[in-house]
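Student: Here is how the chains run, residue by residue.
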Amino acid sequence: MDLQVALLLGQDGLTNGAIYALLALALVLVFAVTRVVFIPQGEFVAFGALTLASFQADKTPGTLWLLLAAGGLVSLFEVGAALRRRKLGLVAPTLLWNLAYPALAAAIAVLGHPVAWPLAFQVLLSLALVVPLGPMVYRLAFQPLAEASVLVLLIVAVAVHLVLVGLGLLIFGAEGSRTPPFSEASFEIGSIAVNGQTVWVLVASLVLVGSLFVFFDRTLRGKALRATALNRTGARLMGISTVKAGKQAFMLAALIGAFSGVLIAPITTIYYDSGFLIGLKGFVGAIVGGLTSYPIAAAGAVLVGLLESYSSFWASAFKEVIVFTLIIPVLLWRSLKSQDIDEHQ
Amino acid sequence: MMRRHLGFIAFVGLLGVCPLVLPEFYVTLLNYIGLSALVTLGVVLLTGVGGLTSFGQAAFVGLGAYSTAFLTTATDLPLWVAPFAGSPWIALLAGLLLTGVVALVLGFLTLRLSGHYLPLGTIAWGISLYFLFGNLDFLGGFTGISGIPVLSVVGIELRSGRAFYYLIWIVVLVAVRVIQNLLDSREGRAIRALQGGTLMAEAMGVDTARAKMIVFVLAAFLACVSGWLYAHLQRFINPTPFGLQVGIEYLFMAVIGGAAHVWGAVVGAAAFTILKQWLQDWLPSLLGSSGSYEVIVLGVLLVVMLQRAREGLWPVLARLVPDTKQPITFEVTEVSPRNPILALGTELLDCRNVRKEFGGLVANDDMSLLVGAGEIVALIGPNGAGKSTMFNVVSGVWPLTSGEVRFRGERVDGMGARQIARRGMSRSFQHVRLLPCMSVLENVAIGAHGRGRAGVLAACLHTERREEREILSFAAAQIERVGLGEFMVAPAGSLPLGQQRILEIARALCANPSLLLLDEPAAGLRYLEKQALGELLRRLREEGIGILLVEHDMDFVMGLVDRCVVMEFGQKIAEGLPAEVQANPAVLAAYLGGAL
Amino acid sequence: MKLRIVAAMLVAATFVSVARADVNVGVTLSATGPAASLGIPEKNTVALMPTIIAGQKINYVVLDDASDTTTAVKNARKLVSENKVDVIVGSTTSPNSLAMIDVAAEAETPMISMAASSAIVDPVDARRRWVFKTPQNDVQMSTAIVEHMTNNGIKNVAFIGFADAYGEGWFREFSKVAELRKLKIVASERFNRTDTSVTGQVLKILSSNPDAVLVAGAGTPAALPQTTLKERGYKGRVYQTHGVANNDFLRVGGNSVEGTFLPAGPVLVAAQLPESNPVKKSALEYVNKYETAYGKGSTSTFGAHAWDAGLLLQNAIPVALKKGQPGSKEFRSALRDALEGLKNVTVSHGVVNMSAVDHLGFDQRARVMVKIENGAWKLQ
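Residue numbers (the working numbering), protein chains in the order written: chain E, 660 to 1004; chain A, 3 to 598; chain Y, 12 to 391.
By construction, these hints were calculated from the structure, which means they are not laboratory data. Note that the coordinates shown come from a computational prediction; the quantities given were computed from them, not determined experimentally. Even glycine gets a Cβ: it sits at the ideal position worked out from N, Cα and C. Hints are not guaranteed to be accurate.
Simulated DEER-style distance windows between Cβ atoms [what the hints assert, rightly or not]: (1) Y:384 with E:736: 47 to 57 Å; (2) Y:270 with E:758: 49 to 59 Å; (3) Y:93 with E:745: 49 to 59 Å.
In silico EDC-like links for lysine to aspartate or glutamate, alpha-carbon gap of 16 Å or less [claimed, not checked]: (4) Y:241 with E:843; (5) Y:187 with Y:158; (6) Y:382 with Y:269; (7) Y:334 with Y:351; (8) Y:95 with A:26; (9) Y:307 with Y:259.
Far from chain E, by Cβ distances over 12 Å, these chain Y residues were calculated [said to hold, decoys possible]: (10) 73; (11) 282; (12) 340.
Only chain E is shown next, with the shape it has when bound in the complex (with noise of 0.2 Å):
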């Protein structure tokens, strides 16, 4: 391996590096918030690409059908619970998001000829359709569960996941689809050929990574759903609702998922299951920050597509094998590591 093929694995997992990233801190941010491990992270990857690839073949993506009907479907569970509280005047907001807002989404989708858009605008709607998603996610399944244990919301989460791998099929269909690049340039730096769309890719995952930042550390939003996280019951003493908390959580993780997946549908062909094993990855950058740190977090993240990158040099055989067992020493160092008897149930 000489130093250009050395630079260009580092640039391939780098770029990886920031996609797992950025679904590691969609990851710990909803740990943190709603206690659910996100194990359908990865579907949210799909789901935008293939929204993307399905406007840009002129077709109306099955994402909408899927908006209407959960949509639909939170606005009769609301629309019940607040028939038995007697207060039927509060719903009008649920429904004005989960059914006006569907519907008007789909109007666009369907009558706005998206395929002759620019390719930025394209993004917005499928990142509209898509990013809802996840708070009826959260509505449907987590938010009758909130005070489940942790080890009920993954069993859950797994099941949620199932649900979208195969709606995901019914939809989208079994072939996998590719998107044109944002932008065509190449830049030559030293030696090695950089093409646009990795660079694309680094600095978008930069700039969500600080708007996160700044959404957390200026934000009355942003500190409530810190303050959730820390500790739910004084939040909700502090009048920060849980159920919004993890409604919000649950967009951004939707909202970073999707738009991890319109960035690298340009670099590979997306399948409607391809999102499983990408989450999986953000996942054991996850772990490698306990769950818990957001820089650790995303270091980890990093780290995973550079050793993913590396592998597949070397061993492409073995690839998920190694990527998978990096969690091996890091579980080791974080068991050595707590002492204590863990008393969280």
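Mind docking chains A and Y on chain E? Use the hints.
Tutor: Below, chains A and Y alone, put in the same frame as chain E:
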């Protein structure tokens, strides 16, 4: 007696007739249900009983299947494996050995960490092992190994699915029985105690790390046996049946069947397999295109079940059939206490200059206190004074920063909660930690963990019944001692809070302690209950037991205890007879001021 | 003429069906899961198969095994025991087919596999007596590629294949043939269907400086290594396997797959075959049938394997019907004998000549070299 076994006998009879009357396909389906039930049984043991979860059980199935496939088909083996080759039975042993080693290593890595690391670790290991199976040439790669020999049992060749059926279901029934035996024993209670939190279990002298390891290895063994059977039934294996997806399915089966019940494994495996088969047949025609759509329905079903009926199917079914669980047999007898009754005033607990820091925060500073046999000492002080920390330090939950703790003359600081408990110091908890579904008797018997010696194997085979009877008798005696005799077989969760606190004392007594640490035993009790509690504690004092209690209720304390130790900001500010303390200006200022 | 035959058949059918039980054909294929892009066209093809053969009504029972071996065996047992099928067609992948052999042999039911591995029918022993298959062996396709490579002056080649049974089977056969023909394999890499990047593998390949690269993958995922090769400036030849022979591959591969060579069954380029080619008529017939039903450009060579299985049955069932009643052991045994005795049967992928030692029966006519030109398959 007969009636109790009726449901079981009917079930076995039905199972026995099935292959004689059912068409081949249903026998095949039942074979797969049996194989899944075996693995799911392990998942039940892990998830429902032990409070651990694994998505990677399919990988253990793979270990069992690949061990036998490799050893029975390979030629030109290296010298050191050659003795294992040829016979499926030796291959089974080799597979179990391999599985045991792998499970021990994985368990060592993940079991000490909090709940969600184990499942995440098993996801990763499930994926790794799948690709490992697929990439090793000597294991046939992704294409797999064919030509695995037919299994013979006592000279009968199990060539057809019908013949194999009996082997599978005999193994399943034996496994169910063995696991039931285990759970219904001292070791089993230790495993079940894991759900009450490691803190409680350790304080009862249970080695929780060992208990977790036992369930993890047992679950792996069950999966391994299932894999061994699978390999000889199918006579062809490749990595697909051992991937993560299948591992997830086993967990689903456990949840659907009822993860807390041994029979839930069988019910779950049957319900899941049949439902999946049915959905695979019908959904594609319903949706008009083909795809693995059954996962949509199964996934939604699982979410709804976890939201609405987390207990699973078995409790519903169990109501329809007579109870198959054996009634607990015990007799209340006096069993000689292990720790000799100490002369009044013998020094039991001696804490000197104990200091405990959390990070930079000092929770206990220069704390010294003495408790003698036949003495009740109260540790009092305002909220946040560091009383509970002191309790936890003394009982070995947390290591102390400096100072020393002596118990009956022996240094115990630096020992774990378990070792200290075994030396005769027993405690209750501020928040009651009982297992609500378990009977009062079984809950109390957890406290007697240190009395028994019989291991897991003896428990599985029920060869330790003598010891078990002794333990239950002793536990029953403690229940009588605290006056809860009439609730012996009631679920602990059905008792009101006051009695649950008393129950905790009975459980602590079961360890035959010379010193009792009681954390707010009177909290939430009504007046009459408090009186009864006071009576009980006085009686225990007369028997020579030393008692250290943390309490807020001053009336209760003042009339009962011999001495008070008052704490504020982690330090001792006063000590003496209740009356003296009450008059102490420092105490009045700090704590009692407003109240008295 | 044709009409008359049909009419005669119908009349015969009404007569015979009173007297005889129907012939039941059990099909299990991988319509879902990793091998779905192979299994779906097969499933579509089964829907086009004739429902009457030699005046006998044919029932098809189609099951999906989700590319999973356990399910494949379960399906096979279900077909044999519950549907009492006279013949099993399937499955799509080699592991699934290998796993089903025992079931077929135990139930003494002939089985026609649609999977590639030669191990399915070779050697024809006591168990494999009952097993036949329609797709060309990997070794035949490998030979075609190696021949094409050596004829074009290629001395060393790099291999990158799926990390599954498909990639593995190809590497095994390809490396054998390559060794015989003194072709040097300088790199052997693996990748996964859902991998997001194969840069590492491609760099490894590039560093070994191969004259050509062979990508062994099925369907659209096989495009990724080639796209990456092009991005990294690889100028040599790229070969694919017949696993990519569907139009989705061309869609996803786009410009990057221009100039690719691959061996394929003649059905892929049916219209371009010379009139003299005996396979042309049969292949075109299938393409027309399929595209009438599922749209232009929708044919894939995998569906044609299923079609060929159907053709074998159409030739063998009439013979077997003379020996026994459908649903009986004698009929199944006769059907097996009839399949083994098939001579000069032209199917969409070639000409079949079965024998007691060859349960595939293909010769050179079963493969052609194809090149991708201007986003279309071009016969070489």
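Student: Does each hint hold? Answer for all of them.
Tutor: Results of checking the hints against the structure:
no. : hint                         : in the structure
1   : Y:384 with E:736: 47 to 57 Å : 56 Å, holds
2   : Y:270 with E:758: 49 to 59 Å : 52 Å, holds
3   : Y:93 with E:745: 49 to 59 Å  : 54 Å, holds
4   : Y:241 with E:843             : 14 Å, holds
5   : Y:187 with Y:158             : 13 Å, holds
6   : Y:382 with Y:269             : 8 Å, holds
7   : Y:334 with Y:351             : 15 Å, holds
8   : Y:95 with A:26               : 10 Å, holds
9   : Y:307 with Y:259             : 13 Å, holds
10  : 73                           : 17 Å, holds
11  : 282                          : 24 Å, holds
12  : 340                          : 39 Å, holds
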